[in-house]
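Protein chains: 2
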Amino acid sequence: MPKSTRPEPAWEGMGTPVKRTSRDIRTANRYEVLRQIIAESPTSRQELAAATGLSLATVATLVGELLELRMITEVGFEDSAGGRPRGLVAVNSSGGALIGVDIAETYVHVELFDLGLNVLARAEEDVRAGESLPEQVVGHVAAAVGSVVTQAGIEGARVLGVGVSVPGQVDRATGTSEYAPNWDWHDVPLLNLLTEHIAYPLYLDNPLRASAVAELWFGAARGRGDAVVVNLGTGVGAGLVLGGGLHRGVSNSAGEWGHTTMVLDGRLCRCGNHGCVETYVGARGIMLNLREIGPDSALLHPDDQTATIDALARGLAADDPVARRAVHETARYLGAGVADLVNLFNPEIVVLSSWVARTLGEPLLHEVREAVARHALPRPLAATEIVLSPIPTDPVCLGAATFALEGALQTAGQRNGKRTTLARSTTPARSRTTASPS
Amino acid sequence: MPKSTRPEPAWEGMGTPVKRTSRDIRTANRYEVLRQIIAESPTSRQELAAATGLSLATVATLVGELLELRMITEVGFEDSAGGRPRGLVAVNSSGGALIGVDIAETYVHVELFDLGLNVLARAEEDVRAGESLPEQVVGHVAAAVGSVVTQAGIEGARVLGVGVSVPGQVDRATGTSEYAPNWDWHDVPLLNLLTEHIAYPLYLDNPLRASAVAELWFGAARGRGDAVVVNLGTGVGAGLVLGGGLHRGVSNSAGEWGHTTMVLDGRLCRCGNHGCVETYVGARGIMLNLREIGPDSALLHPDDQTATIDALARGLAADDPVARRAVHETARYLGAGVADLVNLFNPEIVVLSSWVARTLGEPLLHEVREAVARHALPRPLAATEIVLSPIPTDPVCLGAATFALEGALQTAGQRNGKRTTLARSTTPARSRTTASPS
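Chains L and G supply the protein sequences, listed in that same order.
Numbered per the UniProt record's numbering, the first sequence spans residues 1 to 438.
Numbered per the UniProt record's numbering, the second sequence spans residues 1 to 438.
Hint data in this document are derived by calculation from the structure and do not stem from the laboratory.
Each hint should be verified, as a subset may be incorrect.
[To be verified] Estimated spans, in silico, between C-beta atoms of each pair:
hint : chain 1 : residue 1 : chain 2 : residue 2 : range
1    : L       : Arg374    : G       : Arg325    : 33 to 41 Å
2    : L       : Asp265    : G       : Ala382    : 24 to 32 Å
3    : G       : Ala382    : L       : Asp296    : 54 to 62 Å
4    : L       : Arg374    : G       : Ala382    : 51 to 59 Å
5    : G       : Pro392    : L       : Pro302    : 57 to 65 Å
6    : L       : Asp187    : G       : Glu370    : 24 to 32 Å
7    : L       : Ala143    : G       : Glu370    : 43 to 51 Å
8    : G       : Thr306    : L       : Pro302    : 37 to 45 Å
9    : L       : Ala143    : G       : Ala57     : 52 to 60 Å
10   : L       : Arg374    : G       : Ala57     : 53 to 61 Å
These figures come from a predicted structure and were not determined experimentally.
Just so you know, even glycine gets a beta-carbon here, dropped at the ideal spot from N, CA and C.
Work out the full structure, taking the sequences as your base and the hints as a guide.
In structure tokens, the structure reads:
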């Protein structure tokens, strides 16, 4: 029974206190300084203060902490005009490795990164249509994680953590896949299953939030207060960066834009509803748009989303009229849906991410911008940029690895005896496993 | 030309820094402590620490500041079991007066409050259909503000400020009504016009944000991290409380839920688009729903929204089948739209506010809860309560007066020589006029 059937609270005295502490700020600022160092190494404390807006004293303290954690190193001095030489710091790339796992409906991508978030190794496994058991998917993940560690030739002890993204609704505190519509998973204890094969600290979340964190740390949302990262793949959603941090909602399920209603009583969605955004702009929805326009089109590969979207992209490049109309129609839906996000959130930037956006690229972006301009209100429209994700690799792998980086920062802080309250952090307190490295 | 047509930023080095400081936290905590004292006076520092989750030392400092501002007073001691007697504080109700102005499409409501936010006087002016000039509306506001000050019999010098809510898109920094669709206002310098008649500090914003702030300080969102306040009137919108504070967006225009698309290519909206939520659940939309069900119904008062909604409420009470079907149909639309908000924000609570929600009350709430349960995803649905606003007076007046209260807290802080950075505050730095009290 949903809580919504509970009686209303009384006029006074209800609710739980929302505690914000200086430690929350400190954690956010520590992330911000590390982000900036990763983006521009080597750099000085003075440059960091200018780039982040923090005071030099605060930056100096945070840099000291990151040095102590061996995440960055001192790399010499630069002359300052007439003043004392300024100490330079840089990411300590070899200080550890991070692994990002992108479990999607049709594949498992795994990438291993150094601390500068450069890719050192990659592995990919296909997930075939029949493979819907959690154990089958976990097997692919374990094989690919083993492969990247071997390829990179690093010691297991240097792997600081593995971030895992799985589609659908995730309880990150318990490491459970609560609902994954593609495989009809309900309450699968995915983190426990993975722990049997993977002996590194594990962090579970979903592609929406992984993409959003990737843009926040390394992409188009870096330094932005309010950004929306629109994920266009088989599933569709909107990762929310609000007030400079990831907005998770009260039970880590915010951002389900793919399951908002755009056409009341419209197409049936796999969530059971009708007219959801996903049924018009997800990969399957785009296939339906194409089928309505050209039922016999050679672009259509029934039962193969990737082949169809690839064919559409080639058709656009060749000025195929059916491809153009299918993308125009998709952009009409997408423009209305993105305009909804612009009107609701009034963000600085909307980033189009994931494989469908990457494959259809600039032609899709151009049409979407025109459609959004027709739908959005003038004031929020004027304040919003719409861009393709500038991240050249898989943003979900990158974001998942970033969850592991945040987790390592947090557990290191705890080991230092600094107990932190991280209500607004993007990292769970519980999901660090106690396994020893293999 | 919208910014969305600008080229994308490069991979690195873009964006402006998001600066968060301890002062932001301090301001938020000062609001939180004052909120709690207003809700429960008298109270002790120990009770405040327990209720807010702040440390006793922090509470003691903040209470000291509020005492210095004469917003609260010491009112004696209570025994603590075996320990030292605890000092009690209470709101200093007579420490000043606040005025809230609710400019709506059909009326101007004005209320004068003491510092405990108790209503001391009210005035109302009708805005007739022909009165669409800014000067006419300003005249009504000036008359009603004069009336409440006279009625309350207080000295002008004790009025700390006047919060003014006007429908549509507002630039609060310049005090401009950028766009008010009902009167087709564009870039009306409303604050300047009001300053010619009203000699108190003025704060301009819109009903979405006023309602949200009223719920945050005094209603169902108090102490909640994430809440959505759904405003159902002639216009429709969603005030957003995220991370314990008001989410304004990058240009103070977040929350335009009324202008998100629910039925692509559906009813024409006054914003120029088709199928907006407002055209199905705003007062005019409900009239259309009623007309579709019972074109000759006696419930329908063409050209009179208030009379029609009142008639619908009486029809519900009398079990009139046309009224029941019209409200059922309205709740079907509203349920889909509220489910979108639940899926996107994953809030703790959704509050139905404004005059349409108040008039249709429990029967509407009941139907909406059932419709939301059909549309929302299980995980966010399970975490969300849906309630009617518990605020017994006009929430927009109360919220507008709260903007004036926040402004008074802020300007007092500045007079004390504490220059504050209020990036996440709900109060503009600029809109305090320098007029002397009348």
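Hints, one by one, checked against the model:
no.: 1; hint: L:Arg374 to G:Arg325: 33 to 41 Å; verdict: 34 Å, holds
no.: 2; hint: L:Asp265 to G:Ala382: 24 to 32 Å; verdict: 25 Å, holds
no.: 3; hint: G:Ala382 to L:Asp296: 54 to 62 Å; verdict: 45 Å, violated
no.: 4; hint: L:Arg374 to G:Ala382: 51 to 59 Å; verdict: 37 Å, violated
no.: 5; hint: G:Pro392 to L:Pro302: 57 to 65 Å; verdict: 60 Å, holds
no.: 6; hint: L:Asp187 to G:Glu370: 24 to 32 Å; verdict: 25 Å, holds
no.: 7; hint: L:Ala143 to G:Glu370: 43 to 51 Å; verdict: 47 Å, holds
no.: 8; hint: G:Thr306 to L:Pro302: 37 to 45 Å; verdict: 55 Å, violated
no.: 9; hint: L:Ala143 to G:Ala57: 52 to 60 Å; verdict: 54 Å, holds
no.: 10; hint: L:Arg374 to G:Ala57: 53 to 61 Å; verdict: 55 Å, holds
Going through the hint list in order, the structure does not satisfy hints 3, 4 and 8.
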